[in-house]
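Asker: With the hints as extra help, turn the sequences into a complete structure.
In the order they appear, the protein sequences are chains Y and E. Under the working numbering, the residues of the first sequence are numbered 1 to 233, in order. Under the working numbering, the residues of the second sequence are numbered 1 to 303, in order.
If you're looking for bench data, these hints aren't it; they were derived computationally from the structure. A couple of the hints might just be wrong.
EDC-like cross-link-like pairs, simulated, lysine to aspartate or glutamate; straight-line CA separation at most 16 Å [said to hold, decoys possible]:
no. : chain 1 : residue 1 : chain 2 : residue 2
1   : Y       : 130       : Y       : 115
2   : E       : 89        : E       : 118
3   : E       : 205       : Y       : 119
4   : E       : 5         : Y       : 118
5   : E       : 5         : Y       : 119
6   : Y       : 209       : Y       : 185
7   : E       : 261       : E       : 52
8   : E       : 5         : Y       : 112
9   : E       : 93        : E       : 69
10  : Y       : 75        : Y       : 58
11  : E       : 221       : Y       : 112
12  : E       : 5         : Y       : 115
13  : E       : 205       : Y       : 58
14  : Y       : 31        : Y       : 72
Remember, predicted model here, so these are calculated numbers, not experimental data.
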Amino acid sequence: MVTQEKEPIINIQGVSKKYGSVVVLHDINLKIYPGEFVILVGPSGAGKSTLIRLLNREEKPDSGKIIVAGRDITKLSSGELPYYRRNIGTVFQDYKLLPTRNAWENVAYALEVADVSDEEIRQRVPKVLKAVNLGDHLDAYPNQLSGGEAQRVSIARALIHNPKILIADEPTGNLDPEAGQEIADILEKINCQGTVVLLATHNRDLVDKMRKRVITMKQGRIVLDQRQGRYNG
Amino acid sequence: MTRIKRIFREAFVDFWRNGWLSVTATLIMTLALLTTGVFLVMYLSTNKIIHDLKDKVDIVVNFKDEASESLIQQLRSELMARPQIKSVKYISKADALEEFKSRPSVKVEVRQMISSEDNPLPRGLQIQSVDLKEFEYVSNITKNPIYAPHIDSSSYDDNKSLIENINATTKFAERLGLALSSFFMLIAILVVFNTIKLAVYFRAKEMEIMRLVGASESFVKTPFLIEGFLYGFFATVVSTGLIYFTINLLAAVSKNTILDKFIVRLLPIYYQEFWFIVGVELFIGTVLGLGASWLSIRKNVKG
Numbered sequence: 001m002v003t004q005e006k007e008p009i010i011n012i013q014g015v016s017k018k019y020g021s022v023v024v025l026h027d028i029n030l031k032i033y034p035g036e037f038v039i040l041v042g043p044s045g046a047g048k049s050t051l052i053r054l055l056n057r058e059e060k061p062d063s064g065k066i067i068v069a070g071r072d073i074t075k076l077s078s079g080e081l082p083y084y085r086r087n088i089g090t091v092f093q094d095y096k097l098l099p100t101r102n103a104w105e106n107v108a109y110a111l112e113v114a115d116v117s118d119e120e121i122r123q124r125v126p127k128v129l130k131a132v133n134l135g136d137h138l139d140a141y142p143n144q145l146s147g148g149e150a151q152r153v154s155i156a157r158a159l160i161h162n163p164k165i166l167i168a169d170e171p172t173g174n175l176d177p178e179a180g181q182e183i184a185d186i187l188e189k190i191n192c193q194g195t196v197v198l199l200a201t202h203n204r205d206l207v208d209k210m211r212k213r214v215i216t217m218k219q220g221r222i223v224l225d226q227r228q229g230r231y232n233g
Numbered sequence: 001m002t003r004i005k006r007i008f009r010e011a012f013v014d015f016w017r018n019g020w021l022s023v024t025a026t027l028i029m030t031l032a033l034l035t036t037g038v039f040l041v042m043y044l045s046t047n048k049i050i051h052d053l054k055d056k057v058d059i060v061v062n063f064k065d066e067a068s069e070s071l072i073q074q075l076r077s078e079l080m081a082r083p084q085i086k087s088v089k090y091i092s093k094a095d096a097l098e099e100f101k102s103r104p105s106v107k108v109e110v111r112q113m114i115s116s117e118d119n120p121l122p123r124g125l126q127i128q129s130v131d132l133k134e135f136e137y138v139s140n141i142t143k144n145p146i147y148a149p150h151i152d153s154s155s156y157d158d159n160k161s162l163i164e165n166i167n168a169t170t171k172f173a174e175r176l177g178l179a180l181s182s183f184f185m186l187i188a189i190l191v192v193f194n195t196i197k198l199a200v201y202f203r204a205k206e207m208e209i210m211r212l213v214g215a216s217e218s219f220v221k222t223p224f225l226i227e228g229f230l231y232g233f234f235a236t237v238v239s240t241g242l243i244y245f246t247i248n249l250l251a252a253v254s255k256n257t258i259l260d261k262f263i264v265r266l267l268p269i270y271y272q273e274f275w276f277i278v279g280v281e282l283f284i285g286t287v288l289g290l291g292a293s294w295l296s297i298r299k300n301v302k303g
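Answerer: The following block contains the structure:
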């Protein structure tokens, strides 16, 4: 599915990152094109999560450029950051749901911060919850949800702004195989609707079954980039 | 407008749903404000009581009968020229007699013995001062050779030890009150600060999540500041209620006890200064709540 003719939507150029004296990312170069589903694999400490934190702009690289939709996000000001984050959806291993807000409110929160009207929130939230197969449990708080449900709320929240890119960091890491499979199905569905999905995972079965572009990282470097890859971690 | 409405809603929802955390922070803050409130009530009432007491202490300088009227008026003018002296009242022989007769302790036989024609009571000056220290000055002036030979007696020496006692007690009470309440306030501030810091620390992860889903800094931080204000606001309400209830309870219980005299004097002062005390508590509560939240947020959330 790699269509080299198009402009990449994510273009990582010569990115390095050190924590103290430990080099976690070493001269990373990676292009991701519109419509792609990219799986990032590799053992713990390979640098997957760091790469995702850089894309999320939770952190900045020590050197190199990260161009997303034509803009170098390493140069975003703190005022621009919220706007950037509303345009990429992020899903985390630990769901990162607000504990004092119920499922509905967690999704609505992402719209509230963007000054979307109450009227529009009431229309958009049920649609996106439906898209992730959540119709009931709307009033349930995160601690009342199962892992799979919580992760689907988290995906719903990530999708609420119709982002061009969805980044998922080990979304199935805390889930049983069945729930994990459901999350993978939802991610594929999202990708089919045109959203770029970048999935970092340890889940060998999932990777082998999906037959997507697989990028393998080891010790801070990309060691393999396969079009229809398998798990090589 | 929607944004402001939402920020306030966030704050109220969080305050409510964080139940115990909010209750704890509010109660700790209540203790701090109770200290302030109790100190204020005690300070204001003892101040008023001592002030009233000072008003009752005066010096009477009595003149011998041969002293000329002009000499008495001269001393009066001289004393009145001093701004610290509140009033100097001339007491004629007739005034003195009237005052003497009106004393309930004077027996009827004695009253009848003294008539206005045969009045042994001296003329005098009754001096009241703003400051008890001024009595020393009055005493010195009366020793001036111009006046001294004509002065029969002065109540200064009688009142001296009383005056000194009041002065010393007042100062001691004020200093002790200030020291104690400063000490308690300091402890209270530290405890409040730490409680709020813990509350914010527990929720640092929440702030991180908010930022990750695209909330601006102000959208993340302002609700926490409003919550800090709410701790102070509700603590003011609770501590005001507690003080009000306690004072009224004491007033009811202390009837016919030693405490009654104090409470009876304290009650009107408390009512009179009620809004002032509430205002001070609200101010301290707000500054503490907002300040502690602001400092904690700054420490816990990287910009």
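Asker: Is residue 205/E close enough to residue 58/Y, meaning Cα to Cα at most 16 Å?
Answerer: Given that 16 Å is the threshold and the Cα spacing comes to 14 Å, the pair holds.
Asker: Would the pair residue 221/E and residue 112/Y pass a check requiring their Cα atoms to be no farther apart than 16 Å?
Answerer: Roughly 15 Å separates the two Cα atoms, so the pair holds.
Asker: For the pair supplied as a hint, residue 209/Y and residue 185/Y, is the alpha-carbon distance within the 16 Å limit?
Answerer: holds, 11 Å
Asker: Is the Cα-Cα distance between residue 5/E and residue 118/Y 16 Å or less?
Answerer: holds, 11 Å
Asker: Does residue 205/E pair with residue 119/Y here, judged by a C-alpha cut-off of 16 Å?
Answerer: This hinted pair is violated, its Cα atoms lying about 29 Å apart.
Asker: For the pair supplied as a hint, residue 5/E and residue 115/Y, is the alpha-carbon distance within the 16 Å limit?
Answerer: Roughly 11 Å between the alpha carbons, so the hint for residue 5/E and residue 115/Y holds.
Asker: Would the pair residue 93/E and residue 69/E pass a check requiring their Cα atoms to be no farther apart than 16 Å?
Answerer: Holds, because 12 Å separates the two Cα atoms, which is no more than 16 Å.
Asker: For a C-alpha distance cap of 16 Å, please report whether residue 261/E and residue 52/E respect it.
Answerer: Within the cut-off at roughly 14 Å; holds.
Asker: Is the Cα-Cα distance between residue 31/Y and residue 72/Y 16 Å or less?
Answerer: holds, 14 Å
Asker: Taken at face value, is the distance from the CA of residue 112/Y to the CA of residue 5/E at most 16 Å?
Answerer: Roughly 11 Å separates the two Cα atoms, so the pair holds.
Asker: Straight-line Cα separation of residue 89/E and residue 118/E no greater than 16 Å?
Answerer: Since the Cα atoms of residue 89/E and residue 118/E sit roughly 23 Å apart, the hinted pair is violated (cutoff 16 Å).
Asker: Given the proposed pairing of residue 130/Y with residue 115/Y, does the C-alpha separation stay at or below 16 Å?
Answerer: Violated: residue 130/Y and residue 115/Y sit about 23 Å apart, past 16 Å.
In this structure, the hints that do not hold are numbers 1, 2, 3, in rising order.
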